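Chemist: Spelled out from the first residue to the last, the chains are:
Number of protein chains: 2
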Amino acid sequence: MSVLKGMRVVEGSAFVAVPLAGMSLAQMGAEVIRFDRLGGGLDAGRWPLAPNGESLFWAGMNKGKKSIAVDMKSPEGRELITRIITAPGEDAGLFLTNLRVRGWMDYETLSQYRRDLVMVTLTGDRHGRPQVDYTVNPALGIPHMTGPVDSDEPVANALPAWDLIAGNMCVSALLAAERHRLRGKGGQEVEIALKDVAAATLGHLGMIGDVTLNSGDRGKSGNALYGAYGQDFVCADGRGVMVIGLTDRQWRGICKATGTVEAMASLEGRLGVSLADEGNRWRFRNEITAILKPWFAQRRVPEFEAAFNDAGLTWSEFRTVREAVEQDSDLSTENPMFTEVQQPGIGTFRVPAHPAVFSALQRSPARPAPTLGQHTEEILADVAGCTGTEIAKLFDAGVVQSPTFAKPRNAA
Amino acid sequence: MSVLKGMRVVEGSAFVAVPLAGMSLAQMGAEVIRFDRLGGGLDAGRWPLAPNGESLFWAGMNKGKKSIAVDMKSPEGRELITRIITAPGEDAGLFLTNLRVRGWMDYETLSQYRRDLVMVTLTGDRHGRPQVDYTVNPALGIPHMTGPVDSDEPVANALPAWDLIAGNMCVSALLAAERHRLRGKGGQEVEIALKDVAAATLGHLGMIGDVTLNSGDRGKSGNALYGAYGQDFVCADGRGVMVIGLTDRQWRGICKATGTVEAMASLEGRLGVSLADEGNRWRFRNEITAILKPWFAQRRVPEFEAAFNDAGLTWSEFRTVREAVEQDSDLSTENPMFTEVQQPGIGTFRVPAHPAVFSALQRSPARPAPTLGQHTEEILADVAGCTGTEIAKLFDAGVVQSPTFAKPRNAA
Chain B
13 MSVLKGMRVV
23 EGSAFVAVPL
33 AGMSLAQMGA
43 EVIRFDRLGG
53 GLDAGRWPLA
63 PNGESLFWAG
73 MNKGKKSIAV
83 DMKSPEGREL
93 ITRIITAPGE
103 DAGLFLTNLR
113 VRGWMDYETL
123 SQYRRDLVMV
133 TLTGDRHGRP
143 QVDYTVNPAL
153 GIPHMTGPVD
163 SDEPVANALP
173 AWDLIAGNMC
183 VSALLAAERH
193 RLRGKGGQEV
203 EIALKDVAAA
213 TLGHLGMIGD
223 VTLNSGDRGK
233 SGNALYGAYG
243 QDFVCADGRG
253 VMVIGLTDRQ
263 WRGICKATGT
273 VEAMASLEGR
283 LGVSLADEGN
293 RWRFRNEITA
303 ILKPWFAQRR
313 VPEFEAAFND
323 AGLTWSEFRT
333 VREAVEQDSD
343 LSTENPMFTE
353 VQQPGIGTFR
363 VPAHPAVFSA
373 LQRSPARPAP
383 TLGQHTEEIL
393 ADVAGCTGTE
403 IAKLFDAGVV
413 QSPTFAKPRN
423 AA
Chain A
13 MSVLKGMRVV
23 EGSAFVAVPL
33 AGMSLAQMGA
43 EVIRFDRLGG
53 GLDAGRWPLA
63 PNGESLFWAG
73 MNKGKKSIAV
83 DMKSPEGREL
93 ITRIITAPGE
103 DAGLFLTNLR
113 VRGWMDYETL
123 SQYRRDLVMV
133 TLTGDRHGRP
143 QVDYTVNPAL
153 GIPHMTGPVD
163 SDEPVANALP
173 AWDLIAGNMC
183 VSALLAAERH
193 RLRGKGGQEV
203 EIALKDVAAA
213 TLGHLGMIGD
223 VTLNSGDRGK
233 SGNALYGAYG
243 QDFVCADGRG
253 VMVIGLTDRQ
263 WRGICKATGT
273 VEAMASLEGR
283 LGVSLADEGN
293 RWRFRNEITA
303 ILKPWFAQRR
313 VPEFEAAFND
323 AGLTWSEFRT
333 VREAVEQDSD
343 LSTENPMFTE
353 VQQPGIGTFR
363 VPAHPAVFSA
373 LQRSPARPAP
383 TLGQHTEEIL
393 ADVAGCTGTE
403 IAKLFDAGVV
413 QSPTFAKPRN
423 AA
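So the protein lines, in turn, are chains B and A.
Sequential numbering from 13 applies to the first sequence in my numbering.
Sequential numbering from 13 applies to the second sequence in my numbering.
Just so you know, the hints here were simulated from the structure itself, not pulled from any lab data.
Just so we're clear, the structure is a prediction, and the values are computed from it rather than from any experiment.
Be aware that one or more of the hints could be misleading.
The list makes no distinction among identical chains, and a pair is therefore deemed to hold if it is satisfied within one copy or across any two copies.
[As the list claims (entries may be wrong)] When the alpha-carbon atoms are kept at most 27 Å apart in a straight line, the in silico DSS-like pairs for lysine-lysine are as follows: (1) 17 - 197; (2) 85 - 268; (3) 405 - 85; (4) 85 - 305; (5) 305 - 405; (6) 268 - 305.
Assemble the whole structure, with the sequences as input and the hints as a guide.
Modeler: Spelled out as structure tokens, the structure:
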């Protein structure tokens, strides 16, 4: 039993944000039907790939969904998709998309078939132009504040952060609109532009007020925690650690654990400032770091690891993803969020469930992603209301596919 | 009229994720009451600051909320907070927090006063240890895949991406749990760990499968779009651009617009591969970039800007935040998401509303953040049910504050 059990969401999507939104809903218990064109959508082969060439990305983004593959160039295919999106049911009529299809698949047309449809559309920008994480991020300035202090080169996020934020926002928007509908107030279209998500976030973080009211631009500060103290250090064993002095408690903890209480006090005396003020820790971070650096340079991580943990310091090691997967129990099946899942056609690896734990409900373990079109017949019968004869005709005419009928996805 | 009108959420929080969650709910129309200790919480002075030292971050993260300041060390203060969190109302009894307070403010205790309480708690990691964006990110490997190709130095995100994702997930989780409660299934606690959000995301993006099934680690690829083609270029006027060839259409668009169709065809011939395959565009990105680089180096942005837009290419310029705010109309009040807002005690600047546009409802413009304790009296009267006499006594005893009674926030 999961928190959204009974809800049905239809998803027509590609790439990160909207697939993630659908997957989050599926992992919270909704029945999520993803439809794709024959052969797979734009993200069917998205990297990273498994050794056999299948997309690990697709498997990751579509866990627990049902998949139907339909020829959307044919009128029959379009009619099927329309029926699936607008199928009856109090907890259905919910559609998530980032495919910019005008005409048959826009809100105006679809809502003629189901007046209380809730449709959440993610666009690139508010003008309807395509944008991706990799264009929004440079346009709004984050790469110019990322990376080594002494460099002028912009550094893009390796993580598609804007997509991930926008995907989660699509979930909220869908649930908010469905709540409104449950109160008898009808359906609606919800539009979210990826670039607006990023622009709003700059405002939320105070960055727009900053450049409006202050002079200059934030600039790069390496791996320092902005606005307080937090810094990376290299230890005697070559391992890197990140140490946080954001709150007063954390800051005092660092000084105590590294035996630098007196050194910091004399730094305060020399500078004539109190480092209890987070802004002073930020302004004089280089002076603070000069005191701490030798301490870390002289010690291997195992020498202080236990003491730091016992003292309740907030710190971590720098690891690669491989090291994290191999070494960190939070990425192992000791963490109940993870299960070893056999992903058909790909292999077995640790797969995460939804991070939220709902205390009144059993946690649902992660399910594998479907293969393309795996649920085509089931969806045609149960959702589109097709008879067995109709279904057979649709397969014969090549309007739909399932793994038994489909050509290999990567045939090109 | 906003989509969540009528809902009341109480928030006890600091920093990014949970304040963002509360603010998103407020911007969708919920009444959000944020309580803080006297003098302000841990994030009361978080950077960036306005010229007068007030926190632009706090103003950004608390827009449209109501604020009450309470001495939570006193039994009276704790009782008030308990009454506010558990106040009656079908659309109330919703509590968001990242303050780890055992005892009087945990779910077990609070739910004794309101059995159907929905409480969403964001923790650091699943063990209950504090974690921040700056520790989760290094621990899970993103800094080792960020930054220049020729560097071994880890590069942290300048954007608190994990916090922003987790904050949006708190919104979804709260709405999902409230939906469940609306169906007569009671309240519950929802726990989300920041580190689990990050760990799950690695899985969703295929990164865990990648290191499990493939050898090696992803490593750094500079500003290249991972897995297909997308690259940054410096133009003749020194300006940087990002150009995307993720989809086949985008890729063909770049080649056509830069007149490199033949050069790419002969590259394909030399390499014996098709660049219509996104994986080949990734594998041979350096060879592709070598062809495109002189084209950009010889041209100023205004020379190709219009042609790129007319051709529907997906591209953008690298800008600083200041340049974006000054030059990009999507960050101006031409974008209906933004309004010039006078933030009391700070100044006037452009402030974003919620990025989602709900078609059945009027878009609510952004509202300023409260000053600390601005709504103390109102909340005591309307939510905690205090009489005028009781309220006066609470102020006299120093249990609560409002701006007229409060000591200056930055008195330290």
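Chemist: Each hint needs a verdict: does it hold in this structure or not?
Modeler: Each hint tested on the structure:
no.: 1; hint: 17 - 197; in the structure: both (22 Å within a copy, 12 Å between copies)
no.: 2; hint: 85 - 268; in the structure: between (68 Å within a copy, 26 Å between copies)
no.: 3; hint: 405 - 85; in the structure: within (17 Å within a copy, 72 Å between copies)
no.: 4; hint: 85 - 305; in the structure: neither (63 Å within a copy, 38 Å between copies)
no.: 5; hint: 305 - 405; in the structure: neither (72 Å within a copy, 52 Å between copies)
no.: 6; hint: 268 - 305; in the structure: within (15 Å within a copy, 52 Å between copies)
The structure fails hints 4, 5 (numbered hints given earlier, in ascending order).
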